[in-house]
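Chemist: Each chain, written out:
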Amino acid sequence: KQEVTQIPAALSVPEGENLVLNCSFTDSAIYNLQWFRQDPGKGLTSLLLIQSSQREQTSGRLNASLDKSSGRSTLYIAASQPGDSATYLCAVRPMDSSYKLIFGSGTRLLVRP
Amino acid sequence: DAGVIQSPRHEVTEMGQEVTLRCKPISGHDYLFWYRQTMMRGLELLIYFNNNVPIDDSGMPEDRFSAKMPNASFSTLKIQPSEPRDSAVYFCASSLDPAGELFFGEGSRLTVL
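One line per chain: the protein sequences are P and G, in this order. Okay, so the first sequence: first residue is 1 according to the working numbering, each after it adds one. Okay, so the second sequence: first residue is 114 according to the working numbering, each after it adds one.
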């Protein structure tokens, strides 16, 4: 059974810092992996989607990497800003049920001014 | 496009009452998903539709839950009768293909007293 873990559960950093959020999954047979952002009381906003054949994806100050064989993904945020404060969720699609996203419990990020 | 639209945003009801949650997917998206988010269990897939047809409802917790998609632009999730343990945020999401980038609505926060 696929399990997704995100560590740390919470992170507080000063503005301007570069930071890395971690995601690990137990079964490397995944179709793709998606990173989301969730603001309090809001829905999930898709940040990046990495196919299993890809190693990384970039969007603006965000860079996500995927190491399928070791069951790990990282989300790198450059030059963090207070507006980046949110919960970041990682989700994988198992190869045998690629329509289903298996979510981690998220990392709650606070960027202090 | 306005994105995935859900209503109501908040619903407070008493145990035993019927609850109907509504969703309008992004136009052109053939896949629609209902997820539930709780503190204890995180995000879980309840059911998904392809071209208005339910494909996998194995995540629906009990017979009290039912979902329909009468046309490409509208879906409902119904709970009858509701119970306090149904309290959660219910999200609708849509995508162009089953394993593609998933777009979420703002969610419907349900409280059953």
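Do not take every clue at face value.
Mimicking SDA-like on lysine to any residue, the simulated pairs with C-alpha atoms at most 20 Å apart in a straight line are [what the hints assert, rightly or not]:
| # | chain 1 | residue 1 | chain 2 | residue 2 |
| --- | --- | --- | --- | --- |
| 1 | G | K181 | P | Y99 |
| 2 | P | K42 | G | E219 |
| 3 | G | K191 | G | V202 |
| 4 | P | K42 | G | D170 |
| 5 | P | K1 | G | E157 |
| 6 | G | K191 | G | E157 |
| 7 | P | K42 | P | A78 |
| 8 | G | K181 | G | M153 |
| 9 | G | K181 | G | S120 |
| 10 | P | K1 | G | D170 |
| 11 | G | K181 | G | E127 |
| 12 | G | K137 | P | K1 |
| 13 | P | K42 | G | T151 |
| 14 | P | K1 | G | G155 |
| 15 | P | K42 | G | K181 |
Derived from the structure by calculation, the hints contain no laboratory data. Because the structure is a prediction, the values reported are computed rather than measured.
Chemist: Each hint: holds or not?
Modeler: Verification of the hints:
Our distance criterion of 20 Å between C-alpha atoms is met by G/K181 and P/Y99, whose separation comes to about 18 Å. Between P/K42 and G/E219 the alpha-carbon distance is near 5 Å, which keeps this suggested pair within the 20 Å criterion. Between the alpha carbons of G/K191 and G/V202 the distance comes to roughly 14 Å, so the proposed pair stays at or under 20 Å and holds. With a CA separation close to 25 Å, the supplied pair P/K42 and G/D170 exceeds the 20 Å bound.
The straight-line distance between the Cα atoms of P/K1 and G/E157 is roughly 14 Å, inside the 20 Å bound, and the hint therefore holds. Note on G/K191 and G/E157: the hinted pairing holds, with a Cα-Cα distance of about 17 Å set against a maximum of 20 Å. For the proposed pair P/K42 and P/A78, the alpha carbon gap of about 24 Å is over 20 Å, so the pair is violated. Among the hinted pairs, G/K181 with G/M153 is inconsistent with the structure: their alpha-carbon atoms are about 27 Å apart, more than 20 Å.
Between G/K181 and G/S120 the CA atoms are separated by roughly 15 Å; this keeps the pair inside 20 Å, and the hint holds. The straight-line distance between the Cα atoms of P/K1 and G/D170 is roughly 18 Å, inside the 20 Å bound, and the hint therefore holds. Among the hinted pairs, G/K181 with G/E127 is inconsistent with the structure: their alpha-carbon atoms are about 23 Å apart, more than 20 Å. With a C-alpha separation of about 32 Å, the suggested pair G/K137 and P/K1 falls outside the 20 Å cut-off, and the hint is violated.
The straight-line distance between the Cα atoms of P/K42 and G/T151 is roughly 14 Å, inside the 20 Å bound, and the hint therefore holds. Only pairs whose Cα atoms come within 20 Å are accepted, and P/K1 paired with G/G155 is accepted, the gap being roughly 16 Å. This hinted pair does not check out: P/K42 and G/K181 have alpha carbons roughly 24 Å apart, beyond 20 Å.
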